[in-house]
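First to last, the sequence lines map onto chains D and C. Count the first sequence with my numbering and you get residues 1 to 116, in order. Count the second sequence with my numbering and you get residues 1 to 119, in order.
The set of hints was computed from the structure by calculation and includes no laboratory data. Incorrect hints may appear among the rest.
Unchecked claim - Quick list of simulated restraints, FRET-style, between CB atoms: (1) Glu17/C x Gly28/D: 32 to 42 Å; (2) Gly14/D x Gln8/C: 38 to 48 Å; (3) His79/D x Leu47/C: 43 to 53 Å; (4) Gln83/C x Ser59/D: 21 to 31 Å.
Since we're looking at a predicted model, the values are computed, not measured. Glycine included, C-beta positions come from ideal geometry on N, C-alpha and C.
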Amino acid sequence: DTEVTQTPKHLVMGMTNKKSLKCEQHMGHRAMYWYKQKAKKPPELMFVYSYEKLSINESVPSRFSPECPNSSLLNLHLHALQPEDSALYLCASSQDRWGGPTDTQYFGPGTRLTVL
Amino acid sequence: AQTVTQSQPEMSVQEAETVTLSCTYDTSESNYYLFWYKQPPSRQMILVIRQEAYKQQNATENRFSVNFQKAAKSFSLKISDSQLGDTAMYFCAFIVPNAGGTSYGKLTFGQGTILTVHP
């Protein structure tokens, strides 16, 4: 079963709101990722978690705060976002063997975020 | 640094015909994985096919096959018997396993090719 789930599917929020995106996988993967994708562009990596520890932060603004409570769950907490943060947010997971993510990344369906 | 180039922003094909999407990449690594992902209008990113660089045999998955030319750093995707459901944006991507530092877990994508299958 190569399924990654994300909730909610759509989210509209104001610039002063606090919201969270959720991602879940039950494939036993130990690496999880957040990506941001604008229309007709490739995904841009935001964060990489390996064994529940933050391994990579691609210089993402602090208004995005990731959290990995356990090996199956990944959250992205949002606060004081800007309209330019409106995008599709994709979660992915992969095996993490021999000290690093080596295998295929499987993506969730994404959360379409609109910031008003 | 790794780069992936998809030189065809848009392509179209008639249903049941064959189409080939191009991808070239640049890397100094000898061990890496290459992927084609498909993203239909529903926006779910779906793995189409994967190729390990150390394998000479080209990967195939049903109607999808690749032409992997390691020396030329080329990785094209051939779709046979095109179907309406193949309409999507296709991304070529690259990863170096066990990369350290800022390349850790980083999947490098091309800019994508929008494929439209016409009835």
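Right, here's what the structure says about each hint:
no. : hint                          : verdict
1   : Glu17/C x Gly28/D: 32 to 42 Å : holds, 40 Å
2   : Gly14/D x Gln8/C: 38 to 48 Å  : holds, 40 Å
3   : His79/D x Leu47/C: 43 to 53 Å : violated, 33 Å
4   : Gln83/C x Ser59/D: 21 to 31 Å : violated, 41 Å
Consistency with the previously given hints fails for numbers 3 and 4, ordered from lowest to highest.
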